[in-house]
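K.L.:
Here are the chains, one letter per residue:
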Amino acid sequence: GAGVSQSPSNKVTEKGKDVELRCDPISGHTALYWYRQSLGQGLEFLIYFQGNSAPDKSGLPSDRFSAERTGGSVSTLTIQRTQQEDSAVYLCASSLVSLGPDTQYFGPGTRLTVL
Amino acid sequence: GQQLNQSPQSMFIQEGEDVSMNCTSSSIFNTWLWYKQDPGEGPVLLIALYKAGELTSNGRLTAQFGITRKDSFLNISASIPSDVGIYFCAGLKIGGSQGNLIFGKGTKLSVKP
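Respectively, the protein sequence lines represent chains A and B. The first sequence begins at 1 in my numbering and counts up one residue at a time. The second sequence begins at 1001 in my numbering and counts up one residue at a time.
Here chain A stands alone, though its shape is the one from the complex (with noise of 0.2 Å):
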């Protein structure tokens, strides 16, 4: 069946501008994540979705950062006023929260480069 899909899948954008990046999970996948991987790093936790449950936002970096889930299934992460900083690959990854983390699947990513 069809993985984790990500887009765009390469983002340009200038400093100052909002991006928004979506996550298609895995069909019935209960759980999502959102992950940032910058050069050379791991990754670094953002944000856990779980159902109904409210999500787990210890990981975002700053206010300019949010993320939504629509219906369960889709999620979109929004980042406001962009740095240079944030430049990163941001990865999304979904599972069937009952088994665990180590049921995470990752999607290919987007590479976001602000300027």
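Hints were generated in silico from the structure; no laboratory data involved. Predicted, not measured: the structure shown is a model, and the values here were computed from it. One thing to keep in mind: the hints can contain errors.
To be verified - Derived pair list, reagent style SDA-like, types lysine to any residue, alpha-carbon separation capped at 20 Å: (1) B/Lys-1108 x B/Ala-1052; (2) A/Lys-57 x B/Lys-1093; (3) A/Lys-11 x B/Pro-1039.
Stated by the list, open to error - Just so you have them, the derived chain B footprint on chain A, three or more residues with Cβ under 8 Å: (4) 36-46; (5) 106-115.
What the hints assert, rightly or not - Over 12 Å on every C-beta distance to chain A, these chain B residues come out as not near it, computed from the model: (6) Leu-1004; (7) Gln-1006; (8) Asn-1022; (9) Glu-1041; (10) Gly-1053; (11) Ser-1057; (12) Arg-1069; (13) Ser-1082; (14) Gly-1104; (15) Lys-1105.
The C-beta atom is built at its ideal place from N, Cα and C for all residues, glycine as well.
With the hints as your guide, set chain B onto chain A.
P.N.:
Just chain B now, with coordinates in the frame of chain A:
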């Protein structure tokens, strides 16, 4: 944010060699995971470990969950060219959020010229 200490940062392999990498932390984890990431792709899970002392194999890969719960290693035996990529350890802290995996910075495997 907090990260695991993963080493080595990079290594060169010759086909047929065994490879070893590890992760350590000052915190206790109740789950350890090992991922591989190819260029332009998301990480793919290789091995998951749930119990202290657990030793798990997946083909030529072997990983162990340290007794202290603060470390894990991954071994690759008889490496082949397609093993090149970046390997990440990840852990779930006791008491941490279900979704809040903590990742190491990765070990980049390359082929010796």
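K.L.:
Against each hint, give a clear statement of whether it holds in the structure.
P.N.:
Structure-based check of each hint:
{"no.": "1", "hint": "B/Lys-1108 x B/Ala-1052", "verdict": "26 Å, violated"}
{"no.": "2", "hint": "A/Lys-57 x B/Lys-1093", "verdict": "17 Å, holds"}
{"no.": "3", "hint": "A/Lys-11 x B/Pro-1039", "verdict": "17 Å, holds"}
{"no.": "4", "hint": "36-46", "verdict": "holds (count 6)"}
{"no.": "5", "hint": "106-115", "verdict": "holds (count 4)"}
{"no.": "6", "hint": "Leu-1004", "verdict": "8 Å, violated"}
{"no.": "7", "hint": "Gln-1006", "verdict": "7 Å, violated"}
{"no.": "8", "hint": "Asn-1022", "verdict": "14 Å, holds"}
{"no.": "9", "hint": "Glu-1041", "verdict": "6 Å, violated"}
{"no.": "10", "hint": "Gly-1053", "verdict": "18 Å, holds"}
{"no.": "11", "hint": "Ser-1057", "verdict": "16 Å, holds"}
{"no.": "12", "hint": "Arg-1069", "verdict": "16 Å, holds"}
{"no.": "13", "hint": "Ser-1082", "verdict": "19 Å, holds"}
{"no.": "14", "hint": "Gly-1104", "verdict": "5 Å, violated"}
{"no.": "15", "hint": "Lys-1105", "verdict": "5 Å, violated"}
In summary, the structure is inconsistent with hints 1, 6, 7, 9, 14 and 15 from the numbered list given earlier, while agreeing with the others.
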